[in-house]
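K.L.:
Heads up: the protein sequence lines correspond to chains A and B, in order. Start counting the first sequence at 13; every next residue gets the next number (the working numbering). Start counting the second sequence at 13; every next residue gets the next number (the working numbering).
To be clear, the hints were calculated from the coordinates, so they are not data collected in a lab. Worth double-checking, as some hints may not be accurate.
Copies of the same chain are indistinguishable here, so a pair counts whether it falls within one copy or spans any two.
20 Å max Cα-Cα, derived DMTMM-like pairs, lysine to aspartate or glutamate [stated by the list, open to error]:
| id | residue 1 | residue 2 |
| --- | --- | --- |
| 1 | LYS23 | GLU128 |
| 2 | LYS133 | ASP32 |
| 3 | LYS133 | GLU83 |
| 4 | LYS71 | GLU57 |
One-letter residues, chain by chain:
Protein chains: 2
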Amino acid sequence: MMFDINKQLQKDTHYLIKKDCFHLLLHKNASIPWVIIVPETHVVEVFDLPEATQQSLNKIIQQVAHYFRQEFASTKMNVAAIGNIVSQLHIHVIGRQNGDGCWPDVVWGNEYPFVEWSNEKLKKIKQSFELI
Amino acid sequence: MMFDINKQLQKDTHYLIKKDCFHLLLHKNASIPWVIIVPETHVVEVFDLPEATQQSLNKIIQQVAHYFRQEFASTKMNVAAIGNIVSQLHIHVIGRQNGDGCWPDVVWGNEYPFVEWSNEKLKKIKQSFELI
Numbered sequence: 013m014m015f016d017i018n019k020q021l022q023k024d025t026h027y028l029i030k031k032d033c034f035h036l037l038l039h040k041n042a043s044i045p046w047v048i049i050v051p052e053t054h055v056v057e058v059f060d061l062p063e064a065t066q067q068s069l070n071k072i073i074q075q076v077a078h079y080f081r082q083e084f085a086s087t088k089m090n091v092a093a094i095g096n097i098v099s100q101l102h103i104h105v106i107g108r109q110n111g112d113g114c115w116p117d118v119v120w121g122n123e124y125p126f127v128e129w130s131n132e133k134l135k136k137i138k139q140s141f142e143l144i
Numbered sequence: 013m014m015f016d017i018n019k020q021l022q023k024d025t026h027y028l029i030k031k032d033c034f035h036l037l038l039h040k041n042a043s044i045p046w047v048i049i050v051p052e053t054h055v056v057e058v059f060d061l062p063e064a065t066q067q068s069l070n071k072i073i074q075q076v077a078h079y080f081r082q083e084f085a086s087t088k089m090n091v092a093a094i095g096n097i098v099s100q101l102h103i104h105v106i107g108r109q110n111g112d113g114c115w116p117d118v119v120w121g122n123e124y125p126f127v128e129w130s131n132e133k134l135k136k137i138k139q140s141f142e143l144i
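The shape of chain A in the complex, shown without the other chains (with noise of 0.2 Å):
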């Protein structure tokens, strides 16, 4: 199956791994944890994957819920499909906690402090997510 990463997806992220028949894909932005996760698919809703599949990406999402508690110290993930802009399904998996650059606020459409990865949490990042 010809698949191709949305251009704006790709310029907004890292890349991380492919897990199943899902990208990862880690948000440039450091400041808030934030995966995005890409099934290998053309359905738009998540309720309209297969339901095999939808209990694949549960599991990826609980995965790095656990991760984002663990290296963040995240207290509470905000889970969501939206695609008004971008329509490829992708599911927003985001690291929050209280007095985070957004905090209580979502993070679509709110301006909050750009703050690179470095090489090493990056890599580091990356060797986690293989593990999992």
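With chain A's structure known, arrange chain B on it following the hints.
P.N.:
For chain B alone, coordinates are given in the frame of chain A:
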């Protein structure tokens, strides 16, 4: 199990129906169709719900989406669990379309025109949800 729907959620919505362990609430602003699903649980993240509950939830999301497509010509669903302000688990299902009062932005944190549901429309929606 003692379970009260959070007061802020109650204030923002009209109660529609309880289906299995899920309370379905309709956002009071009729200008964008928006259902909030509240599972009777003290779990705070969707992915921490028992797998069977996640599957039932997904089915209800699908039914709400189907209804929004039919009744309001929604072309894209925004499905999200956020909970930064109201921590009681609740899932937003919002029927969006190009040209609605918020498009292409997300609804959260954005101002858009407030329109009341008519009693007639509200009654019709309740009846429709009793059938799904």
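K.L.:
Honestly, which of those hints from before does the structure not fit?
P.N.:
2
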